[in-house]
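Peer 1: Sequence:
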Amino acid sequence: MCVLEAFDFGVSAFNAQIKLEQLLKNRGLFNLDRNQLNFAIQKLKSPKECEDERIRQKREPCDPKRRFRNQDGTCNNLRNPETGAAFTSFRRLAPSEFGDGVMTLRQAADGGDLPNARLVSTTVNFKSAGQKTCLNFLHMTFGQFLDHDLTETPMSKGELPTTQGVNGSTITCCSKEVQDNPDLLHPQCAPITIPAGDNFYSPYAVKCMEFVRSAPADRCALGPRKQLNQLTSYVDGGSVYGISLEEAAELRTFQGGLLKTQLTRDGVELLWPDKNLPGCNAPAKSAEGEYCFKAGDNRVNEQRFLTTVTTVWAREHNRLAKRLAKINPHWDDERLFQEAKRIVVAEIQQVAYNEYLPPVLSPKLMAAAGLNTGTDGQQTTDYSDRIDPSMTTEFATAAFRFGHSQIPDQLFEVAQNGRTTVEDFSSVSFNPFALYLPGVPERLVRGGLVQAAGNVDMGITMAVTGKLFRRMKQFGLDLLALNLQRGRDHGIPGYVRYRMACGLKPVNNFDELVPDMEPQTLVNLKKAYKRVEDIDLFVGALSEKKVTGGNVGPTLACILADQFVRIKMGDRFWFEYKDSPGAFTVEQDTIIEQDTIIEQGTIIEQGTIIEQDTIIEQDTIIEQDTIIEQDTIIEQDTIIEQGTIIEQDTIIEQDTIIEQDTIIEQDTIIEQDTIIEQDTIIEQGTIIEQGTIIEQGTIVEQGTIIEQGTIIEQGTIIEQGTIIEQGTIVEQGTIIEQDTIIEQDTIVEQGTIIEQDTIIEQDTIVEQDTIIEQDTIIEQGTIIEQDTIIEQDTIVEQGTIIEQDTIIEQDTIVEQGTIVEQGTIVEKGTIVEQGTIVEQAFLSKTTFFPHPPSCCPRATRSISQQETGVSLCRSSPITAHQSRASRHITIKEEEVGDGVSRLGLGQS
Numbered sequence: 002m003c004v005l006e007a008f009d010f011g012v013s014a015f016n017a018q019i020k021l022e023q024l025l026k027n028r029g030l031f032n033l034d035r036n037q038l039n040f041a042i043q044k045l046k047s048p049k050e051c052e053d054e055r056i057r058q059k060r061e062p063c064d065p066k067r068r069f070r071n072q073d074g075t076c077n078n079l080r081n082p083e084t085g086a087a088f089t090s091f092r093r094l095a096p097s098e099f100g101d102g103v104m105t106l107r108q109a110a111d112g113g114d115l116p117n118a119r120l121v122s123t124t125v126n127f128k129s130a131g132q133k134t135c136l137n138f139l140h141m142t143f144g145q146f147l148d149h150d151l152t153e154t155p156m157s158k159g160e161l162p163t164t165q166g167v168n169g170s171t172i173t174c175c176s177k178e179v180q181d182n183p184d185l186l187h188p189q190c191a192p193i194t195i196p197a198g199d200n201f202y203s204p205y206a207v208k209c210m211e212f213v214r215s216a217p218a219d220r221c222a223l224g225p226r227k228q229l230n231q232l233t234s235y236v237d238g239g240s241v242y243g244i245s246l247e248e249a250a251e252l253r254t255f256q257g258g259l260l261k262t263q264l265t266r267d268g269v270e271l272l273w274p275d276k277n278l279p280g281c282n283a284p285a286k287s288a289e290g291e292y293c294f295k296a297g298d299n300r301v302n303e304q305r306f307l308t309t310v311t312t313v314w315a316r317e318h319n320r321l322a323k324r325l326a327k328i329n330p331h332w333d334d335e336r337l338f339q340e341a342k343r344i345v346v347a348e349i350q351q352v353a354y355n356e357y358l359p360p361v362l363s364p365k366l367m368a369a370a371g372l373n374t375g376t377d378g379q380q381t382t383d384y385s386d387r388i389d390p391s392m393t394t395e396f397a398t399a400a401f402r403f404g405h406s407q408i409p410d411q412l413f414e415v416a417q418n419g420r421t422t423v424e425d426f427s428s429v430s431f432n433p434f435a436l437y438l439p440g441v442p443e444r445l446v447r448g449g450l451v452q453a454a455g456n457v458d459m460g461i462t463m464a465v466t467g468k469l470f471r472r473m474k475q476f477g478l479d480l481l482a483l484n485l486q487r488g489r490d491h492g493i494p495g496y497v498r499y500r501m502a503c504g505l506k507p508v509n510n511f512d513e514l515v516p517d518m519e520p521q522t523l524v525n526l527k528k529a530y531k532r533v534e535d536i537d538l539f540v541g542a543l544s545e546k547k548v549t550g551g552n553v554g555p556t557l558a559c560i561l562a563d564q565f566v567r568i569k570m571g572d573r574f575w576f577e578y579k580d581s582p583g584a585f586t587v588e589q590d591t592i593i594e595q596d597t598i599i600e601q602g603t604i605i606e607q608g609t610i611i612e613q614d615t616i617i618e619q620d621t622i623i624e625q626d627t628i629i630e631q632d633t634i635i636e637q638d639t640i641i642e643q644g645t646i647i648e649q650d651t652i653i654e655q656d657t658i659i660e661q662d663t664i665i666e667q668d669t670i671i672e673q674d675t676i677i678e679q680d681t682i683i684e685q686g687t688i689i690e691q692g693t694i695i696e697q698g699t700i701v702e703q704g705t706i707i708e709q710g711t712i713i714e715q716g717t718i719i720e721q722g723t724i725i726e727q728g729t730i731v732e733q734g735t736i737i738e739q740d741t742i743i744e745q746d747t748i749v750e751q752g753t754i755i756e757q758d759t760i761i762e763q764d765t766i767v768e769q770d771t772i773i774e775q776d777t778i779i780e781q782g783t784i785i786e787q788d789t790i791i792e793q794d795t796i797v798e799q800g801t802i803i804e805q806d807t808i809i810e811q812d813t814i815v816e817q818g819t820i821v822e823q824g825t826i827v828e829k830g831t832i833v834e835q836g837t838i839v840e841q842a843f844l845s846k847t848t849f850f851p852h853p854p855s856c857c858p859r860a861t862r863s864i865s866q867q868e869t870g871v872s873l874c875r876s877s878p879i880t881a882h883q884s885r886a887s888r889h890i891t892i893k894e895e896e897v898g899d900g901v902s903r904l905g906l907g908q909s
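The opening position of the sequence shown corresponds to residue 2 in the numbering used here, with each subsequent residue numbered one higher.
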């Protein structure tokens, strides 16, 4: 019989362990001190049948030749099949420090209680005046998506089903009954008391914040409390696919390898609805058929842009599955699903390590740690079955929560005409219903690209430090206070223990932190804590000055690097590992390293090479001089701008616009109702279907079939003083003479000359290479495309988007809220008003704003703004390859490593 079951508590062995530990502590058994007690109880073992009492079902024997991952992460490591699997306990970088050595919350160095978590939150929460980040909100949200792929700690739940508590627990700690009678407080409660006179909560008469302790890991060996990670410790797309076969089955169609998705009324593909989410679904929305969404991770609805990012990956899976089905019609559903998933996981790994991590850790540390992905299909043999990739509790509970400081006050949505709408960030939690509205996913993506993320420091927005998950109330939870309480719940030692382990100088008092922290930060820490040893890891690590070239301090960089090295080198299915049973070929790795996800609505900038077999989805704009290689499918309503080369055998679907001077090589199929503008060369053997418009000057070579109903048009001259009414299309190369009024929503195509004193009304699109002569007024919301010249004394009103490489001549006034994209030349004397976003522009000496910080490292080539218009940085990364350094972080080849590598990450 299990030793735990020998104690007749009338409860499960899971809870009996807690009660036994309490018994040992409370009775002072054998008069042992904390360390002796810790050592002694770990020697108590239970029979094997107790070991079989597990959350996860028994697994099948591992097949070393299996091509695909197990859904729950088992059998990745053949030496230890449970390593990194779902529902296993966190590792620790340092021994736990529980108050009683076993399970109570960490105490202060003098043996008393640590300062109240809410009081610490309000004392240390401070936005630094130092250098601001140039990372965007997409970077922060991808980090959240990645975190939800790696860590989730379940909360303790009550014995009986009761009213839903906080974070999925059935325990409530702040009910009126509990506050009136503290004896009713559940033993797994550790509520945060709101101090009297709290500036935010007191007006709402809030005195208590819910906090339920993390569930202890299910194990039969006694000892200090451990926590459970219910996700796998691998970057394996769990937030898209789930971590069990049962979860995956709920997400799959079992036809063609596809994931379940839904189409909105206007045909937009969204995640599958989850009709059984009472904490998220709203009755009024449900009555309209709008529900919260279902994905591999149950937190997908936490904020609207996270839902959008997850949707992108689900769409990518289905796109790949459909493509694979065309190439391999003999594959069944399971093969198509697993192969598409394998590619998506590789893409997520590539984006995480090549796009997300470098600006966090710095290029120097990425190279030193061996974290860079390869180039040109370079494969690796770095995998070791002795490296334990399991998440550390320090990573999950403190270090990888640095993204909480990146959360902005508001969420931006940017329309195609540049018009921006904002919503308080606290209003979008568990409120994803706007995604059902036309155009919202696209507007969110544009907003995520241009909106700055918060700086990584101790300044955390009120949207989550008083209003987290507030729903319809005026107040919510304090995420900073919750983070501190969670660290204490997990017995995480203080900050100074980890900074020393990471190679920083040991400290004995606050003044010794002067070289590593800002003066005001130290003032706040002295107010919050009695002794330097009491500083919580989350607070101390976020308070450090940043490493050179990165966005976090040395202690955070150390803990993060240690974990991400383990994830990469401890994953037998890592996409670059050449000895994996399902290894990609060198050619496939090269494609993944360079692969671009070109979703509808993307702008592909000029000079890009789009390799063969790419699918370019509808409504994409392909700018001039792009090369589109053979066998590409270009879906309907795409705009292909001038000078593009479209190689043979491409299919161009109906209603596409192919602008002038494009070369369309032989045997291409151009479907009906396409517009082919003047001076295009259409080579022999091309089929041009009926209803197409071919404008003057186009050369259609011999052997081409032009089907019935095609129209070939002529040009138009617009003389001075003319009024061009709204919605008009003014074709390229037109001269618009002076004093013309171009009304709103007009499209002025590239190469047009707009003479002086013209008024360009709001929401007009002025395409690239246009000359806008002096004294013109460009009203708000206009989009001025790249390489345009805006001559002196022009007024550019607020909200305009001026795309890259435009020249803005001297004495122009660019009003607030305008976005001036990278590469633009802003000549001296120009006034750029407050609130304008200037992305890595080339500025003259006498302009009124500095260069934005160059914080986005220029590392290996992947999805970059030059290739897709999408980047995790607000300034564009350079795509030049960097060679991988041979020096790696020293990882001990042992089954469980208890120590942080000394990386030498001090300030330089």
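Keep in mind that the hints were calculated from the coordinates and are not lab data. Being a predicted model, the structure only gives us computed values, none of them experimental. Note that the Cβ used here is the ideal one computed from N, Cα and C, for glycine as well. Please note: incorrect hints may appear among the correct ones.
Label pairs and their calculated CB-CB ranges [claimed, not checked]:
no. : residue 1 : residue 2 : range
1   : V587      : S385      : 20 to 26 Å
2   : R60       : Q521      : 49 to 55 Å
3   : D512      : R472      : 32 to 38 Å
4   : G440      : K327      : 57 to 63 Å
5   : E335      : L79       : 56 to 62 Å
6   : N329      : E61       : 22 to 28 Å
7   : E335      : N277      : 22 to 28 Å
8   : Y205      : D184      : 22 to 28 Å
Peer 1: Okay, which hints does this one fail, numbers in order?
Peer 2: Violated hints (numbers, rising): 3, 4, 5; every other hint is consistent with the structure.
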